[in-house]
Amino acid sequence: MTAPALSVTGLRAYYRTSHFGVEREVKAVDDIDFQVGVNEIYGIAGESSCGKSTLIKTIAAAIRPPLKVLAGSVVFNFGGRAVDVYRAGEREIDGIRWRHLSYIMQGSMNVLNPVRRVRNSFVDFAFRHIGRSTAEFTRVVVDHLKRLHLEPEVLDAYPHQLSGGMRQRVAIALATVCRPEFIIADEPTTALDVIVQKGVLAMIRDVQREIGSSLIFVTHDLAVHANLCHRLGIMYAGRLVEEGPTSEVFRQPLHPYTQHLVSSLPRIGDAEPKKGLEGAPPSLADPPSGCRFHPRCPVAMDVCRGNVPPMVTVAPGRRVACFVAAPESRP
Amino acid sequence: MRGYPAYLIGRLGQFLLVVFIGINIAFVVTHATPIDPVEQTIAAATQFGATSPEAIAMMRQSLKELYGLEGSLWEQYATFWRRVSVGDFGPSLSAFPAPVSTLILRALPWTVGLLTVSTLLTWVIGNLLGGLAGYYLRSRTLRFAGILAMALHPIPYYIIAFVLLIVFGYLWPVLPITGGHTMNMQRGFNLAFIGNLAIHSILPITSLVLAGLGGWFMGMRALVSNVVTEDYVVYAELGGVRPQRILGSYVMRNALVPQVTGLAMSLGAIFTGAIITEQVFGYPGIGTLLVSAVHVGDYSLVLGIATVSIVAVSFAVLLIDLLYPLLDPRVKAR
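Protein chains in written order, with the working numbering: chain B, -9 to 321; chain Z, 60 to 393.
Fair warning: there could be bad hints in the mix.
Some, not all, of what chain B presents toward chain Z, calculated at C-beta under 10 angstroms [to be verified]:
#1 83
#2 92
#3 110
#4 118
#5 150
#6 153
Rather than coming from a laboratory, the hints here were simulated on the basis of the structure. Cβ coordinates follow ideal geometry from the N, Cα and C atoms, glycine included.
All chains should be modelled from the sequences, with the hints used to inform the complete structure.
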């Protein structure tokens, strides 16, 4: 097997605030391990405030105080060149941005500067990587837009002159114009209606296939994951609880939380009323001891309260962090 | 850009309407006052000795003609507009027979020069420092500048003017404290005269800049610290866009949009804000002229200054409105 495009090992990132002497620590990302293969779409699912966006920020080396990385490493592999995000210098990271690693952001309807024409945004982000003459740069950009079925005229528009779906597609074009090896997409379809969503998803898939890049796709919308992702990781309260090929996770979820998620999806012909899960996701400032899901878990045992279940491989390609689903991991 | 000519014409019409209504109000107010300038002049002229009734009647007739007070109110109104449209406000009472327009034109360049320079200087320095302070929140120097600006802000501008006067006129007398230039100096477009003007304007300008800086500084710092959390700024940082470009085209440019409106407001205040400053530093501008006109009851001079202010304020606001779409393309879309 070739080296993975991204390896995240033991990643731990907390928000640490101190207001008038009151220390607060929010454990938004705790001990996360996973890998993303070359040319793979890896989905990360989980409910709101489970730490998805923090995980993305940490992977993208976009942390700002009060967020702090305490442990672990994030190593990208760009065609044989390994870059450890938290050991590389500022200059190296800067050279990677957009050329090798780009983002499609949460709320990316608003990622374009409202007082600059779209053309200038392309220049700001990509000119230093594509370089050459202005005319040639424009040609590269126009070719790229055409491949994504966008009119070159959008370059002369201001963002407010484009519709929401259009802006989103322009943002995707902007993120992929340098043909990066790795793309991180953080809820790019969340604010869109299903018709536009379908178009945007098709566009992301097409461009990923065409460039051959690896992609992390984050959303709470399981239907989108089912449509797009090769592999799926489920997050709960700052931890990864289950991982596997998307179809298998849907067909046979192992973790009780995943089981609830999957059973909440409506199916055709299914007339049974859906049941909500008791309780609310825990505060990450004061997470429950042991397995963070145990207060809401219908099958929790004593061991779950005092011990953190490790992430273990239970079948080829399937990992789960649960003492019930993986009895051999019990202490 | 197609909508711009339509916007221009609409805005121009609005400007003319505002000026028209404003001058009408000034006309009505002056004609509704119980003070009759003609009778006042006659009283002043006759208080030192007996004058024949015929002579008084003749004097009254010619004065009425001079002030445009002949006939019915409608005829007066028509006369008034005919005169105003060519910039004639009649003769001044206190500096008779010098026309009001001459007096105003003599004082206007001083005020406009002083206040344009100080307002723009305040705006540029305040926004630049405030913007940098909002962007580089950790900078020690800028934090100190913030404390200084906040401390200066609540001090009234005339107090600052007096403090400067005492410091640079008495304790350490290095700067001229009164007048627009050295008395009896030959005026001309040469280095010596311009340098003299500049030195005389240092204290009034400094007092106005120091007094106005805090507001712009704090406003811009707050705006910038809001803009830096916008998606497009975060995204540009993730995208490795050059920091100077982010600060200039992404942060400052977006934060400046409301500040330009503020600039229009303060340019509008040019004709009222500097009255005390001009008095303190004996500056020969409109403010000094207005105060002395009010003191001696020079009615036509006050009306003239009011009219000029109305036109100037409306014009400043018009100018800013016309520049606005160039700064923020979203305004154009209306």
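Here's how the hints hold up against the structure:
1. 83: 8 angstroms, holds
2. 92: For residue 92 of chain B, the interface hint holds, since the closest Cβ of chain Z sits about 7 angstroms away, which is under 10 angstroms.
3. 110: 8 angstroms, holds
4. 118: Hint holds; residue 118 of chain B Cβ to chain Z Cβ min 8 angstroms, cut 10 angstroms.
5. 150: It holds, given that the least Cβ distance between residue 150 of chain B and chain Z is near 5 angstroms, below 10 angstroms.
6. 153: Violated: closest Cβ of chain Z sits about 14 angstroms from residue 153 of chain B, beyond 10 angstroms.
The earlier numbered hint that this structure contradicts is number 6, and it is the only one.
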